[in-house]
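Colleague: Residue numbers (my numbering), protein chains in the order written: chain A, 333 to 586; chain B, 185 to 386.
Hint data in this document are derived by calculation from the structure and do not stem from the laboratory.
All residues carry an ideal CB built from backbone N, CA and C; glycine is no exception.
Please note that a few of the clues may not be correct.
Said to hold, decoys possible - Label pairs and their in silico Cβ distance ranges:
#1 A:T387 / B:K247: 42 to 52 angstroms
#2 A:G512 / B:S316: 43 to 53 angstroms
#3 B:D336 / A:H513: 37 to 47 angstroms
#4 B:K382 / A:D392: 36 to 46 angstroms
#5 A:A578 / B:G317: 15 to 25 angstroms
#6 A:I582 / B:K382: 31 to 41 angstroms
#7 B:K382 / A:R493: 45 to 55 angstroms
#8 B:K291 / A:D392: 31 to 41 angstroms
#9 A:E366 / B:E238: 34 to 44 angstroms
#10 B:I212 / A:D450: 19 to 29 angstroms
#11 B:D336 / A:E389: 54 to 64 angstroms
#12 B:S316 / A:R416: 41 to 51 angstroms
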Amino acid sequence: MLTKRIIPCLDVKDGRVVKGTSFINLRDAGDPVELASFYYREGADELVFLDITATPEGRDTMVDVVRRISEQVFMPLTVGGGLRTLDDMRRMLKAGADKVSVNTAAVLNPDLIRRGADKFGSQCIVVAIDAKRLAGEEGGWEVYISSGQKPIGIDAIKWARRAVELGAGELLLTSMDADGHRAGYDIELTRAISEAVNVPVIASGGAGSLKDLELALEAGRADAVLAASIFHYGSHSIRETKEYLAGRGIPVRL
Amino acid sequence: MIAIIDYGAGNLRSVVNAITRLGYQPIIGTSPADVLEARVVILPGVGAAASTMESLKKMGLVKPLRSYIAAGRPFFGVCLGLQVLFTSTEEGGGHQCLDVIPGRVKKLPSGQKVPHMGWNQVRQKLDHPVFSGIPDDSHFYFVHSYYVEPDDRALVAGETEYGLPLCSVIARDKLVATQFHPEKSGELGLRMYHNFLKLALE
Chain A
333 MLTKRIIPCL
343 DVKDGRVVKG
353 TSFINLRDAG
363 DPVELASFYY
373 REGADELVFL
383 DITATPEGRD
393 TMVDVVRRIS
403 EQVFMPLTVG
413 GGLRTLDDMR
423 RMLKAGADKV
433 SVNTAAVLNP
443 DLIRRGADKF
453 GSQCIVVAID
463 AKRLAGEEGG
473 WEVYISSGQK
483 PIGIDAIKWA
493 RRAVELGAGE
503 LLLTSMDADG
513 HRAGYDIELT
523 RAISEAVNVP
533 VIASGGAGSL
543 KDLELALEAG
553 RADAVLAASI
563 FHYGSHSIRE
573 TKEYLAGRGI
583 PVRL
Chain B
185 MIAIIDYGAG
195 NLRSVVNAIT
205 RLGYQPIIGT
215 SPADVLEARV
225 VILPGVGAAA
235 STMESLKKMG
245 LVKPLRSYIA
255 AGRPFFGVCL
265 GLQVLFTSTE
275 EGGGHQCLDV
285 IPGRVKKLPS
295 GQKVPHMGWN
305 QVRQKLDHPV
315 FSGIPDDSHF
325 YFVHSYYVEP
335 DDRALVAGET
345 EYGLPLCSVI
355 ARDKLVATQF
365 HPEKSGELGL
375 RMYHNFLKLA
385 LE
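Chain A on its own, in the form it takes in the complex:
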């Protein structure tokens, strides 16, 4: 049976993991290679790296980081953050990333999705969507770009469908309302998107407890859950998370 994926997310700046972690057994908790190896041994199903570097030098560093991680870690790796062109994608894939995630660049230039999928295959192209709930009775969610700074007046469900038509093989969905609050994923949003498309959806933003992961996978119908702080700060290990989910009848790889 296909299992639900548990995905730790690491933010990397200039080759270092930011939003530190508090694992006691690591020599250097800011080293992305060491953290990746740690999660690999722990049984994470996949890793997502978000490069929040703003400079070209930092970006070169990220390519090198991906290369070193892929030499040690034999699990799927997704890299996102600041990828704008086919060439940016190619560099990451050649370095050892399995998938690249695009957000702002895909919204501004949707053809990037199509060309990326044609060139590298849909399975490589993850479209990341940052969505925020609209005020008012009609509800719905609006897409934001530029790290959640800028609303663009596009409906998140419509954009999700369009991204998949263009060739996205997976969606990484972040609720901006929930992100950072550790009070649970936006279940309604997750479910709406997951039911609107026929590709896997990774729920992101808001995980504070194991129950939150369970809800996103069950009620939200997500195929995978991404979380940062609940894993990084050692509140829950990957193993413990999976045992909890398995105990509630959710298929996971133990």
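Add chain B to chain A, keeping to what the hints say.
Modeller: Then chain B, alone, in the frame of chain A:
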């Protein structure tokens, strides 16, 4: 010599990394001579079958690969490297493949998400050395939208449930191919490559 075939599309970095981790020094194969002189050929793959076949043709690798496999020499195909062994694929409006294994490649049925992406179980149908030390129903990492259907079901060494029981491993002597990615499947994936190389090089 272990040749990992580079036809310009597949992400072969991870396959190279996995084989290197096991203590071997693979070469990147791009020419007919690389295939014919190899002791082991590994054909990795992601992307589309049509463009893969196109590249193999352009590089003059179709005949060498066919005769290499026909001679019973050690071969491991990964994902598309499994699919291109078959007679033809439905992908991209229909294309002929290497036709080393009679059968076809079909689109995954609707009713579930496509691509089939993530960790799924492999039920072992044959007793083959490639499974040595790997428990039945272990999880491996899949990502694909098409699946293979060999005419001869006796070739099916592993099966995986995704809307239907699909063939996830082919194994006959030193010809092994998997629909999943061993290089992305953790320690058990590495174990599978280890088993294969041991068999191949004995």
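Colleague: Hints first: check each against the structure and report whether it holds.
Modeller: Hints, verified against the model:
1. In this structure the hint that A:T387 and B:K247 lie 42 to 52 angstroms apart at CB holds, the actual value being about 49 angstroms.
2. In this structure the hint that A:G512 and B:S316 lie 43 to 53 angstroms apart at CB holds, the actual value being about 47 angstroms.
3. For the hinted restraint 37 to 47 angstroms between B:D336 and A:H513, the CB-CB distance of approximately 56 angstroms leaves it violated.
4. About 39 angstroms separates the C-beta atoms of B:K382 and A:D392, a value consistent with the hinted range of 36 to 46 angstroms.
5. Here the CB-CB span from A:A578 to B:G317 is close to 24 angstroms, well matched to the stated 15 to 25 angstroms.
6. A C-beta distance of roughly 37 angstroms is found between A:I582 and B:K382, which places it inside the suggested range of 31 to 41 angstroms.
7. A hinted range of 45 to 55 angstroms holds for the C-beta pair B:K382 and A:R493, which are about 48 angstroms apart.
8. Restraint check, B:K291 to A:D392: a C-beta distance of roughly 40 angstroms satisfies the suggested window 31 to 41 angstroms.
9. Taken as a hint, the range 34 to 44 angstroms holds for the pair A:E366 and B:E238, whose Cβ atoms sit roughly 41 angstroms apart.
10. For the pair B:I212 and A:D450, the beta carbons lie near 24 angstroms from each other, so the given range of 19 to 29 angstroms is met.
11. Range check, B:D336 to A:E389: Cβ separation about 56 angstroms, and the 54 to 64 angstroms hint holds.
12. Between B:S316 and A:R416 the Cβ separation comes to about 46 angstroms, which falls inside the hinted range of 41 to 51 angstroms.
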